[in-house]
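A.B. asks: Spelled out, the chains give:
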Amino acid sequence: MTLRTPVARARGLGSAKEGVHHWWMQRVTAVALVPLTLWFVASLVGMAGAEYAEMRDWVSHPVTATLLISLIVATFYHAALGMQVVYEDYVQPHGLKIVVDIATKLIFFAFAVASIFSVLKLAFAG
Amino acid sequence: MAVRERPLSPHLQIYRPQITSVLSILHRLTGVALGVGTIVLVWWLVAAAVGPDAFEGAQGFLGSVFGYLILFGWSWALFYHLCNGIRHLVWDAGWGFDLDVLAKTGWLTVGASVALTVLAWIIGLASMGG
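Each protein sequence line maps, in turn, to chains Z and B.
With numbering that gives the first Met the number 0, the residue at position 42 of the first sequence is 41, and numbering never jumps.
With numbering that gives the first Met the number 0, the residue at position 114 of the second sequence is 113, and numbering never jumps.
Hints listed in this document are in silico derivations from the structure and should not be mistaken for laboratory results.
Be aware that one or more of the hints could be misleading.
Label pairs and their computed distance ranges (CB to CB) [to be verified]: (1) Z:Val112 with B:Thr19: 36 to 44 Å; (2) B:Leu124 with Z:Val99: 36 to 44 Å; (3) Z:Ala49 with B:Leu68: 15 to 23 Å; (4) B:Pro9 with Z:Ala41: 44 to 52 Å; (5) B:Gln17 with Z:Arg3: 28 to 36 Å; (6) Z:Lys120 with B:Ile18: 29 to 37 Å; (7) Z:Ala49 with B:Gln17: 38 to 46 Å; (8) Z:Trp57 with B:Ser8: 25 to 33 Å.
Bear in mind the structure is a predicted one, so any value in this text is a computation, not a measurement.
Ideal Cβ placement from N, Cα and C applies to all residues, glycine included.
Looking at chain B on its own, in the form it has when it is part of the complex (with noise of 0.2 Å):
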């Protein structure tokens, strides 16, 4: 007997990407980031605690080029990641399903995650300066 090929359900890959599921998955891998990202958090606490010269080594890597990048991409993800996560909290209050409500509070966030990653950015070099 024959073997007949099934039909398969279309791939991931031949979809459009949309603006709802393009922050749907963003949230996951900046709630992942974030989480890998605490071991930066403990880092710091720790060599704090540990004492000034470990503080100073700590302070030392993150004032790099290379911990500038990490911090960059962290603050980023954390201000993306709290954005859409009162996004989500909407939702879950029942409000803003509606399809153009969506794409509306989709750019909202990704916009307001931009401008306070600026912001951030901006006063914190600032006061370093100051």
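Just chain Z, with the same shape it has in the complex (with noise of 0.2 Å):
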């Protein structure tokens, strides 16, 4: 039994202000990373020492493009919490702390953002 009342209870996010979605989206990415790591793994393996033309080619199909923009936002977001948790549990002081993950956050966005448009350029312009 409680004492408290179910708008107390809806708000009980606790004083880091949200719920399990850190914890969640890193499953849902994981999820997605499983199927999507084992074929980017087996098509590189198949084109082991590939010609840029050969290269090109694959990755302009409409599948493969997709699947790798795929792996990509899936992949940076997936190391972007991952990396929140070793500085949240690593990382002392807290300015430093904040500092490192915006900073983390802030280079796999550009990461992301600069794969993603390698693979699209490849895609239409070759």
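Put the two chains together into one complex, using the hints given.
C.D. replies: In structure tokens form, the structure reads like this:
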């Protein structure tokens, strides 16, 4: 039995002001990454030593480009969430923790944008 | 008043390494290594988008001894993080917490990651030769 009102319980997200979103998205991206990673590694293994034209033709295929962009989004989302937990556990000074976490997220975002743009350029412009 | 030494909780290094704890920290280490390793993936894709010369440069680096070393370590880290990640998802589903099962799935993860790495390199090197 609790003396808290239903509204208080509904608002009860604690001092972090969020629920399980971080944990949940870590799992959603992980589930997506299982087949995407296996597909990516299998493709790379099959194309080892390939010429430029062969690689470009592979990326240009709509299925490949779609899977590659999905892989890129899931990878950097998953990596940003994971690095955040590592900083929360091991970086003591609060200010530094925030700085490295924001820096990591900005870098991963830039990496994702650069990767997606590269896939699109290969697909549309050769 | 004499300062009395307060008892300290045992430090990490006096614990005997166990399959559970070692694999747990390996999951983190491989995760961080893969996060850093995404630089290579980004470089490879951007180089391909820049053009054939830049792509040849990236391929040349990856085909060097140092490049092979990085790729080999990266491939094992990826397979380990993948296999142990599946182990984590199974735990999230509520299965596999008994100590003997933990040890079994742990060794299965280690074995699978090594086997997949070796398999990927055998096929990769064979397709390069062909």
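A.B. asks: So, for every hint listed, does it hold in this structure?
C.D. replies: For each hint, the structure was consulted:
no. : hint                              : verdict
1   : Z:Val112 with B:Thr19: 36 to 44 Å : 39 Å, holds
2   : B:Leu124 with Z:Val99: 36 to 44 Å : 38 Å, holds
3   : Z:Ala49 with B:Leu68: 15 to 23 Å  : 21 Å, holds
4   : B:Pro9 with Z:Ala41: 44 to 52 Å   : 45 Å, holds
5   : B:Gln17 with Z:Arg3: 28 to 36 Å   : 41 Å, violated
6   : Z:Lys120 with B:Ile18: 29 to 37 Å : 46 Å, violated
7   : Z:Ala49 with B:Gln17: 38 to 46 Å  : 43 Å, holds
8   : Z:Trp57 with B:Ser8: 25 to 33 Å   : 54 Å, violated
Checked against the numbered hints listed earlier, the structure breaks hints 5, 6 and 8; every other hint is satisfied.
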